[in-house]
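Let's have the full structure, built from the sequences with the hints guiding it.
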Amino acid sequence: MAATAATSVAQTLPIWFDVAVMAVNGLLGAAVARSRSTPVFGTLFAAILVGLGGGMVRDMLLGLEPAAISNWPYIPAVLIGGLVGALLFGRVLKRQSHFALIQGITLGFLVTIGAQKALDYQAPVISAILLGVVTASVGGVLADVTTGYAATIARQGHWIATALVAGSTAFVLVSMWLGFWPAVIVAVLITALLRFISQVRDWPSARWPGEPARGPEEGGAAAARG
Amino acid sequence: MAATAATSVAQTLPIWFDVAVMAVNGLLGAAVARSRSTPVFGTLFAAILVGLGGGMVRDMLLGLEPAAISNWPYIPAVLIGGLVGALLFGRVLKRQSHFALIQGITLGFLVTIGAQKALDYQAPVISAILLGVVTASVGGVLADVTTGYAATIARQGHWIATALVAGSTAFVLVSMWLGFWPAVIVAVLITALLRFISQVRDWPSARWPGEPARGPEEGGAAAARG
Amino acid sequence: MAATAATSVAQTLPIWFDVAVMAVNGLLGAAVARSRSTPVFGTLFAAILVGLGGGMVRDMLLGLEPAAISNWPYIPAVLIGGLVGALLFGRVLKRQSHFALIQGITLGFLVTIGAQKALDYQAPVISAILLGVVTASVGGVLADVTTGYAATIARQGHWIATALVAGSTAFVLVSMWLGFWPAVIVAVLITALLRFISQVRDWPSARWPGEPARGPEEGGAAAARG
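Keeping their order, the protein sequence lines are chains A, B and C.
Those letters in the first sequence? Residues 795 to 1020, per the numbering used here, in order.
Those letters in the second sequence? Residues 795 to 1020, per the numbering used here, in order.
Those letters in the third sequence? Residues 795 to 1020, per the numbering used here, in order.
None of these hints come from the bench; they were simulated from the model.
One should not assume that every hint holds.
[What the hints assert, rightly or not] Here chain C is said to cover these stretches of chain B; the calculated rule only asks that three of the stretch's residues, wherever they fall, bring their Cβ under 8 Å from a Cβ of chain C:
1. 825-836
2. 839-846
3. 910-924
4. 934-948
In this text, a Cβ means the ideal position worked out from N, Cα and C, and glycines have one as well.
This is the structure in structure tokens:
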């Protein structure tokens, strides 16, 4: 995947792991899409967007051909993930706290995969942080927008954007000081815990000073309507 | 267009045909945009998105500079198509079955153009199928989303996604077994017929088992609102 | 920024100017996002999209790695701009005519930056005009769509699309006849004046013949709902 630029083979997650994380993200995306009454192919389309969209945009922003196009396992893996997510959506979405935990871990790995690839290709530190966030967020944004919703990341709700920014920043800083593996552990822990705890404790998104409080559920479609 | 990668000149549709197909797609997109009361420049913007968006995204996903940017005829052709579509929108949209047939043929050719270019650039088979679908669908998705609608492809409605997936899969398989021209014929026929018949017979999108039936017209903006 | 392709150093705006223009655009975008009750990180996300999205898409359409990724100053500058815009949004949006003037000047420079880079990389004239418009418009489109609104550029409203098309066309034509600096001046003047005057005089978007007139404010979310 990063053949021309990786300085050390040990410093990248194996490609099968990359594929598995994207398939799980596609699974979660398909479950959400199906809960919005999306038909069969629209749901699989959402799985592709959620699972592969972030990595594709990251690669295009690095001036590369997206790995998910040039390596065949990504698309079938995400389609299988999407199928599972659509068929079991009731179970996947049943307990919000479980969903938040699994999503948090998945997003944590996506953040590390994205930021690491950017560092491999000599992107500046601040760009690597942004590309970690992009890798973990763009897929969901594309799926939200395509199905007619405001992006979750831009709405009042529980912490997603905060978790991604904290996780990506932590990954890049720790990887410069302590190396790759400690950075992976720290970034995944931070991202997953912030996502999970904000859901369980019902923490709202950070608001600007003076902004009236709003319930997390009011944001999206309501904002789109008013 | 595919100078560095095409193995055989006979195996690509001529560039003027490519341009013509995209102009027709821009015409159809402008007609739909105008029926949504989009002002003049917004309508032409929609024509550009619908006509050129799919091919541009396909080329970026292949790591190439989009053909529609490096070759000048695409943009003026699509703008002329968009102008015609906007001025004659009443006639273009008058009979849904005619619209579905013309759109189906156009999408069928876009699928073959997209999948063939991906194969020319040695993309894996599954990626070529996806890029055929991308070439024919992304333009409409961008225009829907930009004008505040959920993407047609992700909604309850008549068969578009199904037609594109079937057409693109057929193109890639037939082109490996029987060569380019039979594949073009089969893919265009399948895409156009599925699109047309689903409209005329009022077939709804494939639903997940246990999903309540919905009229095709209820999906889009309604889903976005509730 | 255009090291491999620029034929003459004098013919490009300096990179710090490029960065400053994008930071101001991010500031305006964050002010609008905050007025739509977007939480903290969503607002900064909007600043990144509005400030950098147009240039990133332009660079990807030229087959280049986006300048805002490979050069570190862009992202922090836009984040600082976004922070200022979010905190002072009341003041930024207080007088619509002032907002329109500042936005018009910013968009005028973005048009020239975008079209000039396209010309530097030997894009055809019509593609350079389109890429000028893309550079100045895509950021706002992405932010609108992500926050659940129809794109301003595709709605009934005051002149934005018209101003961008006129400014970009003027830049490319004047730069071919009279050189770079006169083209910058003409393009910025045309874009800013059309944007400003259309706001002050309350000119609606150009409508297709026979289209019923609509107040500028009715377009967006209303169109998305009906």
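Status of each hint after checking the structure:
| no. | hint | in the structure |
| --- | --- | --- |
| 1 | 825-836 | holds (count 9) |
| 2 | 839-846 | holds (count 3) |
| 3 | 910-924 | violated (count 0) |
| 4 | 934-948 | holds (count 5) |
In summary, the structure is inconsistent with hint 3 from the numbered list given earlier, while agreeing with all the others.
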